[in-house]
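J.: In case you want the letters, here they are:
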Amino acid sequence: MAQTWRSSLRLRVFHLLLVLSLLVVLVVPVTVKGDGTAAGDVQILLTYTLGMLTAMISAAALWIACAGLSREIEGYQVHLVVSTPVPRWRLWLGKWLGVATLHGLLLGIGAATVFGLLHWRLAHGIYADEELKQVRSEVLAGRREYLPWQPNFLRLAEDEYQKRVKTGDFGPDHNPVQVRAEIMRQLRARATELPPGASRFWVYRGVRKPADDALLHLRYRHYIGSSSSRTDQKFTEGVWAVRDPAANEDSFAALPQRVMSGAFHEIVLPGKMVAPDGQLVAGYTNLDQERTPIMFQPADGPFLLAPETGFLNNYLRAVFLAFLQVAFLAAIGCVFGGIFSTPVALFVSAMYLVIGLLVQSAVRAPLQDEFGRFQYQGLSDRIPHYVALATRALVVSVDDFDATGDLARGRLVTWEKLGGTIGGLLGLRTLPLVALGVWILTRRELGTVVRT
Amino acid sequence: MNRGRQLILTGVTLLAAVALLTGIGLSERQLNRIRTEAALTETTPLENAPPLIAFTTVALGGFRGLIADYLWLRSNKLQEDGNYFEMFQLASWIVKLQPRFTGATAFLAWNMSYNISVTFNSFEDRWRWVKRGLELIRDEALLYNPNDPELFKELAWIYLHKVGQDMDDANRYYKTQMAKSLTAILGEEPTNWSELAAAPRSLADVTGDPGLPALAKRLAETGLDAAAVERSFRAADGVLPPAVAASLSPAEQQRFETCLRARWLRDAYKLDPVAVLAMNRRYGPLDWRLPQTHAVYWATRGISAAPKGQDLLGCERIIFQGLNACFKTGRLLYLKDLESLETTPNIGLFTAANQSYLDAMARHTDNASIRGGYENFLIDSIVIFYTFGQYRQATDLMKKAHALFPGPKFAGPLDEFALAQLAEDMTMATNAQAQASIQGYIMQSCYALAFNDPDRAAAFEGIARKLWQKYMGGIGKSTVERRGLAPYESMKRNATLQCLQRFPPGLASRLRAALGASFQEPAAPLKMANGNTETGKMAPVSLGPRLDLAAPPPPAEAEPAPVGPRR
Chain A
1 MAQTWRSSLR
11 LRVFHLLLVL
21 SLLVVLVVPV
31 TVKGDGTAAG
41 DVQILLTYTL
51 GMLTAMISAA
61 ALWIACAGLS
71 REIEGYQVHL
81 VVSTPVPRWR
91 LWLGKWLGVA
101 TLHGLLLGIG
111 AATVFGLLHW
121 RLAHGIYADE
131 ELKQVRSEVL
141 AGRREYLPWQ
151 PNFLRLAEDE
161 YQKRVKTGDF
171 GPDHNPVQVR
181 AEIMRQLRAR
191 ATELPPGASR
201 FWVYRGVRKP
211 ADDALLHLRY
221 RHYIGSSSSR
231 TDQKFTEGVW
241 AVRDPAANED
251 SFAALPQRVM
261 SGAFHEIVLP
271 GKMVAPDGQL
281 VAGYTNLDQE
291 RTPIMFQPAD
301 GPFLLAPETG
311 FLNNYLRAVF
321 LAFLQVAFLA
331 AIGCVFGGIF
341 STPVALFVSA
351 MYLVIGLLVQ
361 SAVRAPLQDE
371 FGRFQYQGLS
381 DRIPHYVALA
391 TRALVVSVDD
401 FDATGDLARG
411 RLVTWEKLGG
421 TIGGLLGLRT
431 LPLVALGVWI
441 LTRRELGTVV
451 RT
Chain B
1 MNRGRQLILT
11 GVTLLAAVAL
21 LTGIGLSERQ
31 LNRIRTEAAL
41 TETTPLENAP
51 PLIAFTTVAL
61 GGFRGLIADY
71 LWLRSNKLQE
81 DGNYFEMFQL
91 ASWIVKLQPR
101 FTGATAFLAW
111 NMSYNISVTF
121 NSFEDRWRWV
131 KRGLELIRDE
141 ALLYNPNDPE
151 LFKELAWIYL
161 HKVGQDMDDA
171 NRYYKTQMAK
181 SLTAILGEEP
191 TNWSELAAAP
201 RSLADVTGDP
211 GLPALAKRLA
221 ETGLDAAAVE
231 RSFRAADGVL
241 PPAVAASLSP
251 AEQQRFETCL
261 RARWLRDAYK
271 LDPVAVLAMN
281 RRYGPLDWRL
291 PQTHAVYWAT
301 RGISAAPKGQ
311 DLLGCERIIF
321 QGLNACFKTG
331 RLLYLKDLES
341 LETTPNIGLF
351 TAANQSYLDA
361 MARHTDNASI
371 RGGYENFLID
381 SIVIFYTFGQ
391 YRQATDLMKK
401 AHALFPGPKF
411 AGPLDEFALA
421 QLAEDMTMAT
431 NAQAQASIQG
441 YIMQSCYALA
451 FNDPDRAAAF
461 EGIARKLWQK
471 YMGGIGKSTV
481 ERRGLAPYES
491 MKRNATLQCL
501 QRFPPGLASR
511 LRAALGASFQ
521 EPAAPLKMAN
531 GNTETGKMAP
541 VSLGPRLDLA
551 APPPPAEAEP
561 APVGPRR
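Here the protein sequences line up with chains A and B, keeping their order.
For the record, in the first sequence the residue sitting at position 279 is 279 according to my numbering, with numbers rising by one throughout.
For the record, in the second sequence the residue sitting at position 561 is 561 according to my numbering, with numbers rising by one throughout.
The hints are simulated quantities; they were obtained by calculation from the structure and are not laboratory data.
Using N, Cα and C, we set each Cβ at its ideal position, and we do this for glycine too.
Warning: the hint list may mix true and false statements.
Heads up, incomplete: computed chain A residues facing chain B, CB under 8 angstroms, no partners named [as the list claims (entries may be wrong)]:
hint	residue
1	Pro-29
2	Val-32
3	Arg-409
Across the chosen pairs, the derived CB separations fall in these ranges [unchecked claim]:
hint	chain 1	residue 1	chain 2	residue 2	range
4	B	Gly-473	A	Arg-373	52 to 60 angstroms
5	B	Gly-476	A	Asp-212	49 to 57 angstroms
6	B	Ile-34	A	Val-27	23 to 31 angstroms
7	B	Gly-25	A	Phe-347	26 to 34 angstroms
8	A	Val-27	B	Ala-235	25 to 33 angstroms
9	B	Glu-37	A	Ile-383	39 to 47 angstroms
10	A	Asp-212	B	Ser-478	29 to 37 angstroms
11	A	Thr-31	B	Arg-218	33 to 41 angstroms
12	B	Ser-478	A	Arg-205	30 to 38 angstroms
13	A	Ala-123	B	Ile-34	34 to 42 angstroms
14	A	Trp-439	B	Thr-13	50 to 58 angstroms
15	A	Val-344	B	Ala-17	21 to 29 angstroms
16	B	Gly-473	A	Val-27	54 to 62 angstroms
17	B	Gly-61	A	Leu-11	43 to 51 angstroms
Okay, derived cross-link-like pairs now, DSS-like style, lysine-lysine, Cα gap no bigger than 25 angstroms in a straight line [claimed, not checked]:
hint	chain 1	residue 1	chain 2	residue 2
18	B	Lys-77	A	Lys-234
19	B	Lys-466	B	Lys-477
20	A	Lys-33	B	Lys-96
21	A	Lys-209	A	Lys-272
22	B	Lys-77	B	Lys-96
23	A	Lys-33	B	Lys-270
24	A	Lys-417	A	Lys-209
25	A	Lys-234	A	Lys-133
26	B	Lys-77	A	Lys-33
27	B	Lys-409	B	Lys-399
28	A	Lys-234	B	Lys-477
29	A	Lys-417	B	Lys-409
Here chain A stands alone, though its shape is the one from the complex (with noise of 0.2 angstroms):
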C-alpha cells in the first residue's frame, strides 16, 4: 500500500488531476450561477462543487488503478514481488488499498475544504436572515422523504373480481386477465382524479416525530386534464387541509391554493401537525373555477419531507458514497490492471462505465402500462431488454453512487442508501468481479510478459 502511495504520488496524471480538483473546489464555486436565491446558490455550489470533485478524483483513482498494476507488471518490478511467499491476493489487495486511501484522503480534504467554503460563504454573503432561514430549513438539512400510503391495488382488483364472478357479472368465456387489469385500471384512475368539489386525503406513517416548530413540506404536482401534455395545464384553485393532532380529531388548518398546474409545489407544515404516533393527514379538495377534474398521479406524491438529520450527518454520508465510488473504481482499474496493459485496461474500465451508465436507458427504453409492465412490440423488442436487465444487473453504473443531488435538495442520504450500495453493488456486483480479476492474476504467468 505505501508503495502505491509512493508511485501514485510520483505520477505525473496524478499531479494534473490533483491541479484540476484544486480548481474545481477554489474556481468552480465562483463561476457557477444559480438562480439568484440563497437557496439556489448553495444547491448549484454542492452540486457543481461536490460532483466535478468527485469526477476528478474517481477518474484519477481509474486511471491510477489501472496503470498501477500493469505498469508493474509490464515493467517486471512485480516480479520482486511475485517472487516472494507474498499471495497474489495481497499483492492486488495492497494495490487496491493504497489507490482507494490516497484518494479517500484527497477526496476527504476536498470535501471538508468544499463544506469549509460553504459555510464561508454564508456566513459572509449577501443573503437576508429570511434567505438563510429557507437555506437552513431546505437545503443545509436531512429530510426524508415520506410518500402516502397507498391501498393494494392488486387486492382489491382481485376482491372486486370475485366479488362480481359471484354476482355472475362475467359470461363464462370472459378473458379473466383483461378484466381484471380493466378492474385494476379503474380503480387506480378513480384513485387518481379528484372531481370537481371532491376531497381526497392522504395518510403518511411512521414519520419521525419532529420539533413542533420545525418546518416540514408537502411536495407536489397535480395535472389538469392530460399529464403528458403541457398545454392543458393553467391555473387552478384548491384547499390543502392539514389535520392537527394536539386539537380534536376532526380540527383541519386549511390553506387555499392557487397554483399552475403540471408543476411541482410545496407547502410549508409545521412539525406539530405531526402527530405523536408518527401520523399525519393532508388533505386536497378541489375548488378548481371551471369545475374541472384534477389528477394526483401516485409517482407525484404528495411527498412530506421531514427533517430527520443536520446537514454535517448527510453531508458525511454523500461524502462517504463518494468514498465508495473512488474504492469501487480503483478495484475496477485494479481489476483489468492486473488482466490487461495500461491502454487496454484503461478502454476495458472505460467500457465498463459506459455500459453501466447507458444499460440504465435501455432498461427505461420500452413502454409501460399504467400498471409499470413493460409492453413489447415484439421479440426485437423483448430480447435486447431483457438482455438490458441482465446487464443492469450485472454491471455498477457510477450513477448509483451519486448522492450530490439528494444533498443539494436537503434530501436525507438513507442508511438504506448505503446498505444498498455496500451491499448490492459493492457486495454482490463488484466482489464477483474482483474475485475473478484476483484468480486471473493469480493464474497468470507473469514471467511472459514481454516488452514491445
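Keeping the supplied structure of chain A fixed, place chain B upon it in accordance with the hints.
T.: Here is chain B on its own, set in the frame of chain A:
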C-alpha cells in the same frame, strides 16, 4: 510474418488509403456546396466572444453539439422534476457552446420567462425568472450575435408581451419593479438624454472628464475611488455617498451623477443612451421606465443591426405593436406600490405609431394581419382621442379610417361610433384600455368643470365611475390581481392632478377654483414616488381570492392557517 507478406500488406493498405483519399477529394467539394446551400456551416466568425467562448467553439469542434445536447437533456429532466436552480447555468452553457443556435436560445429564454416563472406563487420569484429569460438573450446571446434580428425580436417580445401585457397575474409587479429600477437609474423625470448620451463610457474617462476637474484626487480625499463610489451609488438607488456629494459643486454633482447613470443604464439594461436619444427624436417622447418602450428599442436595434436581405417582419411587428402600446399606455403617471401603478396614453406618440403601421403595410402589401391590426389601432385611437376631448383629431382620424376601410364601420357620426366602442370595450377591455377610457372621462369632467359646466362635469365623472365599476365587475374575482384597476378615487385624484399640471395656467386656475379647498394638491408637482425603501420585497403574497370553505370535506374547523405558502 515474412517480409514479402508485410510488403504486400503495406502496399494494399497504401492503395486503399489513396483510393479513399481520392474518393473524399471528389465528394468533398459537392458536400461543401450542399453544406453552404443548406446553411449547415457557420462561416462567419463569432463577434465579441470572450476568449473562453472563442476557444471552446473552436477546440471542441463537433463535440460542442453533443455536450450541448447532454446539457439540454439534463435541463429538461431537472425541469420535469421541478428543480430549477441549475436552469440558468445550463442555459448559459448551452448558449456558450452553441452561440449561433438562435432557436435554442430563444426557447431557453422563453422557457424561463414563461414556463418556469409561472410555477412560482411568489411574484418576486416569478420576476426573477422573467428577468433570467431577458438576460439570457440581452446580456449573453446578443453579445455573440449582434446582427441576428430573430434574437432581437425574441427579446423585444418578452418585454412587450410577458412584462408589458396583462396575461400574467404578476404583470403589475413586473412593471412596478422595472419602473422602480429604471427610476433609480435615470433619476427624476424628465431625463436629459442628450447629457446621458454625451457622458463618457469608462470610469477612467469619467475621472478625466473636463467637467469634473481633479475628480480622482477629490474622491481619494473622501477615502473612496471611482469604482467604490459607483458601487455605493448603485446600492443607494442612485444617490451619491454624502461625503462625495459634499465635495462637489451642484453642477459637478449633477455631471458626475449623469456619468454614473449612463454607465449604469448600459450595464443593467444594455441601453445605449445615444440610440435612445435617436429613438426619442424619431418616434417622440418615449417613457423609458415602461416595458413596451424597451420592446420598441430592441426591435428597432434589431432592424438596424440586421444584414441586408434578412426577413425583418418579426421586428417590424414588435415596433408597430410596441408603439401602439406606448401610445395607449406609454406614460407612467404614478407609481408607489402595486395597487397604485397607473399609466396613461402617450398621445404624442400617435404619429409614430400610425406611421409604423403605414410603413409596414407599404412593405408587406399582401399581409392581411397587419392591415387588420391597423384597423384595430385606428378604432382604439379614435376612442382615445374622443375620450380625451380631442374631437377634431378623432374626427379627422375617422375620415382617414373610412377612406382606408370603406364600409359602415367608420361611416357614422363620431359620438355614436365612440360610445358604441366604449360600451363594447368595457366588456372586453384590457387593463390598459379600461384605464385610458376612465382617465379620459375624468379629464373631460375636469375640462367641463374648468369651463363652469358642473352638470356636464358630473355626467362625465359619472360615466367614468360606471365604466370603472363595469370593468371591475366584469373581470371576475380570479383576475382582479392581474387585470384590476387602481381604486377609483385614486385614479380620479391622479387624473385631476394631471389636468392641473397639463392645462394652460388660466384653465388650471379655474379648475383649481372649481375643485375648491377640499381638493388637496401635493406640495411638489406630481412625480414618481422614488426612493421606496421596500426594495426586493413586496406586500404579502396573495393566493388569489379567498375560497369558499363552506363545506370542505371532511369537517373542518378551519383554523387560521398555521400552514403557510412556500415561496
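J.: List in ascending order the numbers of the hints, as given earlier, that are violated by the structure.
T.: Checked against the structure, the hints that fail are numbers 1, 5, 6, 13, 14, 17, 25, 29, while the rest are satisfied.
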